[in-house]
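On the provided structure of chain A, position chains B and C as indicated by the hints.
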Amino acid sequence: MLTVWAGLRKLPSWAFPVAFAALLLAVPLFDVGYEATRYIELSLILALVVSGLNISLGYSGQLAIGQAAMYAAGAYTAGMLSTAGHTDLGLHIVAGGLAALVVGIVTGIPGLRLGSWSLAMTSFFLVLLVPDVVDIFEEKTGGHLGLSGMLGPTLFGYVLKPADMYLAIVVVAAVWFAVFRNVVVSRHGIAFQVLKQSPVLASSLGMSVYRTKLTGYAIGAVPAGFAGALLANLDLYLSPEIFGFHLATGALAASILGGSVSIYGAIFGAGIVQFNNDQSSEFAQYSLIFFGAFLLIGGVLLRGGVAGVMRNAVRRLDRAAGIGAAVVPAQATDSATAMRPISGGMLEVGKLSKAFGGNQALRDVSLRAEPGKITALIGPNGSGKTTLLNLVCGFYRRDSGSITVAGASIATASSDRIARLGIARTFQTPLIPPGITVREVVISGRYTADRAGFLSAVLRSPHFRRVRERDLQRATEILRLTGLIHLADSEAVALPLGMRRMLEVARALIREPKVLLLDEAASGLDENEVRTLASVVRQIRDAGCTVVLVEHNFDLVLALADRIVVLARGGVLAEGTPAEIEANVRVRDEYLGVVEEKDRQVSS
Amino acid sequence: MTLIYAGLSLGAVYALVAVGYNIVFIASHSFNFAQAQLMMVGAFVAYLGYVTLKLPTVIVIIMAMTAVMLVAAFEERIAVRPVADHQTQLITTLGFGTVLTGLVQVIWGTQPLQVPFAGGDEVLTFLGGRMFPDELALVVFAVALVVAISAYTQRRLNGLALVAMSQDEEAATLRGVSVRKLTFAAFAVTGLLSGVMGVLIGPKTYAVATLGAALALKGFVALAIGGFGSMYGGLIGGFAVGLVEQHVARYFGSGFSNLSVFAILLLVLLIRPTGLFGRVQERTV
Amino acid sequence: MTAPLLSVDGLATGYGDLRVVWNVSFQVWPGRITALLGRNGSGKTTSLRAVAGLNPVHAGSIDYDGRRLDGVAAHKRVRAGISYVQEGKRVFRNQTVEENLLLGGYSLGVRRSTLEAECARIYELFPILQEKRKHPAGSLSGGQQQMVAIGQALMAKPKLLMLDEPSGGLAPAIVAEVMSRIAALKESGLAILLVEQAVEAAVDVADHVTVLDVGKVTLNLPVDQIDDMERLKDVCMGRRTDAA
Numbered sequence: 001m002l003t004v005w006a007g008l009r010k011l012p013s014w015a016f017p018v019a020f021a022a023l024l025l026a027v028p029l030f031d032v033g034y035e036a037t038r039y040i041e042l043s044l045i046l047a048l049v050v051s052g053l054n055i056s057l058g059y060s061g062q063l064a065i066g067q068a069a070m071y072a073a074g075a076y077t078a079g080m081l082s083t084a085g086h087t088d089l090g091l092h093i094v095a096g097g098l099a100a101l102v103v104g105i106v107t108g109i110p111g112l113r114l115g116s117w118s119l120a121m122t123s124f125f126l127v128l129l130v131p132d133v134v135d136i137f138e139e140k141t142g143g144h145l146g147l148s149g150m151l152g153p154t155l156f157g158y159v160l161k162p163a164d165m166y167l168a169i170v171v172v173a174a175v176w177f178a179v180f181r182n183v184v185v186s187r188h189g190i191a192f193q194v195l196k197q198s199p200v201l202a203s204s205l206g207m208s209v210y211r212t213k214l215t216g217y218a219i220g221a222v223p224a225g226f227a228g229a230l231l232a233n234l235d236l237y238l239s240p241e242i243f244g245f246h247l248a249t250g251a252l253a254a255s256i257l258g259g260s261v262s263i264y265g266a267i268f269g270a271g272i273v274q275f276n277n278d279q280s281s282e283f284a285q286y287s288l289i290f291f292g293a294f295l296l297i298g299g300v301l302l303r304g305g306v307a308g309v310m311r312n313a314v315r316r317l318d319r320a321a322g323i324g325a326a327v328v329p330a331q332a333t334d335s336a337t338a339m340r341p342i343s344g345g346m347l348e349v350g351k352l353s354k355a356f357g358g359n360q361a362l363r364d365v366s367l368r369a370e371p372g373k374i375t376a377l378i379g380p381n382g383s384g385k386t387t388l389l390n391l392v393c394g395f396y397r398r399d400s401g402s403i404t405v406a407g408a409s410i411a412t413a414s415s416d417r418i419a420r421l422g423i424a425r426t427f428q429t430p431l432i433p434p435g436i437t438v439r440e441v442v443i444s445g446r447y448t449a450d451r452a453g454f455l456s457a458v459l460r461s462p463h464f465r466r467v468r469e470r471d472l473q474r475a476t477e478i479l480r481l482t483g484l485i486h487l488a489d490s491e492a493v494a495l496p497l498g499m500r501r502m503l504e505v506a507r508a509l510i511r512e513p514k515v516l517l518l519d520e521a522a523s524g525l526d527e528n529e530v531r532t533l534a535s536v537v538r539q540i541r542d543a544g545c546t547v548v549l550v551e552h553n554f555d556l557v558l559a560l561a562d563r564i565v566v567l568a569r570g571g572v573l574a575e576g577t578p579a580e581i582e583a584n585v586r587v588r589d590e591y592l593g594v595v596e597e598k599d600r601q602v603s604s
Numbered sequence: 001m002t003l004i005y006a007g008l009s010l011g012a013v014y015a016l017v018a019v020g021y022n023i024v025f026i027a028s029h030s031f032n033f034a035q036a037q038l039m040m041v042g043a044f045v046a047y048l049g050y051v052t053l054k055l056p057t058v059i060v061i062i063m064a065m066t067a068v069m070l071v072a073a074f075e076e077r078i079a080v081r082p083v084a085d086h087q088t089q090l091i092t093t094l095g096f097g098t099v100l101t102g103l104v105q106v107i108w109g110t111q112p113l114q115v116p117f118a119g120g121d122e123v124l125t126f127l128g129g130r131m132f133p134d135e136l137a138l139v140v141f142a143v144a145l146v147v148a149i150s151a152y153t154q155r156r157l158n159g160l161a162l163v164a165m166s167q168d169e170e171a172a173t174l175r176g177v178s179v180r181k182l183t184f185a186a187f188a189v190t191g192l193l194s195g196v197m198g199v200l201i202g203p204k205t206y207a208v209a210t211l212g213a214a215l216a217l218k219g220f221v222a223l224a225i226g227g228f229g230s231m232y233g234g235l236i237g238g239f240a241v242g243l244v245e246q247h248v249a250r251y252f253g254s255g256f257s258n259l260s261v262f263a264i265l266l267l268v269l270l271i272r273p274t275g276l277f278g279r280v281q282e283r284t285v
Numbered sequence: 001m002t003a004p005l006l007s008v009d010g011l012a013t014g015y016g017d018l019r020v021v022w023n024v025s026f027q028v029w030p031g032r033i034t035a036l037l038g039r040n041g042s043g044k045t046t047s048l049r050a051v052a053g054l055n056p057v058h059a060g061s062i063d064y065d066g067r068r069l070d071g072v073a074a075h076k077r078v079r080a081g082i083s084y085v086q087e088g089k090r091v092f093r094n095q096t097v098e099e100n101l102l103l104g105g106y107s108l109g110v111r112r113s114t115l116e117a118e119c120a121r122i123y124e125l126f127p128i129l130q131e132k133r134k135h136p137a138g139s140l141s142g143g144q145q146q147m148v149a150i151g152q153a154l155m156a157k158p159k160l161l162m163l164d165e166p167s168g169g170l171a172p173a174i175v176a177e178v179m180s181r182i183a184a185l186k187e188s189g190l191a192i193l194l195v196e197q198a199v200e201a202a203v204d205v206a207d208h209v210t211v212l213d214v215g216k217v218t219l220n221l222p223v224d225q226i227d228d229m230e231r232l233k234d235v236c237m238g239r240r241t242d243a244a
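Residue numbers (UniProt numbering), protein chains in the order written: chain A, 1 to 604; chain B, 1 to 285; chain C, 1 to 244.
Just chain A, same shape as in the assembly:
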């Protein structure tokens, strides 16, 4: 049993979907009858709609649930083209996809700016509007009576028979799912998941949050348009009723049930929901109850949908069959791998001020961090360390003052642009997207440093392959350096805190940043982990990077820093070498909140 499994697992992962597509293409040879063929056709069309939901909802985390409206846009575009005499199916599909894309973008722009409920509601509202819009353009669309009088589809002049239509649907679905897979199983898929986890993380990796969101949402609209064009040509009749809430909730239920963060889960979910729809009318009246129950169960119990259950089963079988996951003992950092030289850039902050309401968080703070040096920033709670960090990263806007990196001003740049200019950071609480491996997390750090567009990902172009090659090679180097190489294929979120912190350093490092900001990288680590971290940070410095360390652990700061800047009450209290700072009585008193002499006389 397990040897069979081991044999199956040796096949490349794309072999199974290809085999499934071939099976579907062969179905007409077996004369399965009209009902079965139609079931497959409708399921695949629905699966296209659902796959769009998976991209926007599952992968990019945008609660866009109005896929039914984009489906309608595609269908009516094809329908109107057909009644106007243009019957080419290829044209219909392209036009349908474009129409859906336009509807998606126009309505997505306001909702995406706000996200969450607003997007859910604006996109759901679209579904409500379908019959109204259809009615307004009654002359072209047939209004609520439906659009009839469509001509049969052709392809390059060849008239498509019903059997050809079946093949066309299978082919379009197969091609789309290949495209879908290629996007998701690429750096872009990881980028979507980074964004879903945290927009702050995404922009600190140099991604434009809004553009990435809009891209995800727009790509999700396209297959719904394809599906619409196919449906129009299959039935040669359209009615606004097809595209109502029943469809919208059905598609959502299929997505949740199959697993939103999955590729082929869409086909499974659509198959179930379509099966539900096809039942005799007596049963069909229960369909809403089923859809609702799917949503409830999917949301509450089956976190990753059926695809999630399958993934777990595969993992369990793998373990039983002894595939992969050979336990390599944890090793310290591999000092044999030398770090590549990094061309650091001087970070200079001049007379920086920032107030929140009446609270002056920073007042005329000036400091510089030099390449090849570790500059530590310390100070009691509320002294302005975090504010300074957020100003440098572009999450806050300064009130006055200057910030430059290697001489270039970044004081007014957006956070993603600052990241692209060479500032990398780690977070107090590590931000690691769920469901991706350690290697993928590290690679996500290179997303904007070494670009490969969506189209090249879809086509797996030579350029894409070269970038991919570099991604993997650099990731391996960095993972060796940080001592994480033995965990490269483990799920990153599941790692203990110490390793997640180190992983954040690795992700920041892979971009060879000019400036590396470490935000309390040692907090919560045990002594061994702190030692490992310190040695990695020293190597990064020796490679030439400008390292800024924001840290509470005084011992670590004294041991590691070349220069220390002490902040207190929004200003620079002292600056100097570790020895100077250690000897400075004012620093200690400020840290411990000791009341100054003259103040004490007033109060007592």
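Read the hints as simulated data drawn from the structure, not as lab findings. Only a predicted model underlies this, so the values are computations on that prediction, with no experimental measurement involved. Glycine included, C-beta positions come from ideal geometry on N, C-alpha and C. Hints should not be assumed to be uniformly reliable.
[Claimed, not checked] Below are the BS3-like pairs computed for lysine-lysine, each with C-alpha atoms no more than 25 angstroms apart in a straight line:
#1 B:K181 x C:K157
#2 C:K159 x C:K76
#3 B:K181 x C:K76
#4 C:K76 x C:K134
[What the hints assert, rightly or not] To spell it out: a stretch of chain A is covered by chain B in this simulated footprint if at least three of its residues, at any positions, have a beta carbon under 8 angstroms from a beta carbon of chain B; those stretches are:
#5 133 to 145
#6 420 to 426
Relative to the frame of chain A, chains B and C by itself:
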């Protein structure tokens, strides 16, 4: 004037949905997608009470309140409490609402059912406009409810606790507030009120299974205009949506009424995302 | 010495899998002030949160008033007499001073009118709050907000009062005033746990001092055994471990 009355009474329906959203939002910061469906259930229970069982009004109202309260309490237990993040709650509450719609269809079918109004159906004339008694009752009820809830949140300790919880859940816990219990109570009370709302909106909207989706969206627009968490904002937002919808339908045709509301939604979200009465949230990193 | 009201023994706690406190023990006695000292990130606040029931106990025990607190929900601990004033003056900013105080008495489960009478006690302690009772708490100055927060905690008639950095962000003169009020509170038999970064101000009022560093206790002494403040400050900075 008649047109304005029609707009106000329709707006009152939306305002009631917004009030339901708001109570749950204040208590738990989550969004109950099934709110409109709760009211729909209320309307059907009213139909059952009045038409099928021919019961007196008081009994019908009590019946609707009890039934919908139980449904809402059940919802909190299975669709809200087990789900930690608000995003997933949106999906599970949508699922719950869909189940309700489906059940209602199975029991009562898809045809709209007329729910009688206890105050009769003689047309009232007032300031040169005409209005049905149930429409007047809707407007009065919506205004009174919002005033009553606002007073409650200022006068009663539990009301104060509810507002405190919406500002800082942890600090409220440290004052001895059981956040879980209060959230559950908020759902139950919302259900109770939705029962009454159902009885009142039934005569105007009819009891029909498709009521949920349309009301959910218009109620949301009312909320977006007024601002999340603001009771008076929701009321004004509701009236605004109702008035716009009626006027557009009258002057441009009914095909444009939903579109106009959608346009308002987009405008509000673009220009003032926090609504007219919502607080501007500071960005936190 | 009487038996401690609160006894924390070998506590380990943190946030999720982030462990901040590894092994912390301290006691608080009725009518006395225990000061919990240490630099940023040493685990003071996290220990307090564990006592209040906001953070899970990974190991060790918390005994209060003769019973283990494990598994007691945070809001029930308030009813049992544990009042916690969080750092950063966390008052309900949109509600008035009076509403804030009334909420402080929420755990008593009595009528609003009874609580309104109770407020008089707080106004006696902090007269400025009576003047400002109809103002939103968020509009008050930092020191006044701290008074609201403390007043709110006192409304619950606690046996144990935990104060997290009451001096934080306050001008020195106000620190002294707040501290003297805190010192006066213990006269009624209240047990007070005071977390402070301001070492001298805390030692001035405390009866007992416990110093934490990196989630462990480095010093635990009655205040009268401390004779060298400079050495104590060094211990608080983690530069040395012996103070006496």
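Going down the list of hints, with the structure as the test:
1. B:K181 x C:K157: holds, 23 angstroms
2. C:K159 x C:K76: The hint holds at about 14 angstroms.
3. B:K181 x C:K76: At roughly 12 angstroms apart (the allowed maximum being 25 angstroms), C:K76 and B:K181 satisfy the hint.
4. C:K76 x C:K134: violated, 29 angstroms
5. 133 to 145: holds (count 3)
6. 420 to 426: This one is violated; 0 residues, fewer than the three required, reach chain B with a Cβ under 8 angstroms.
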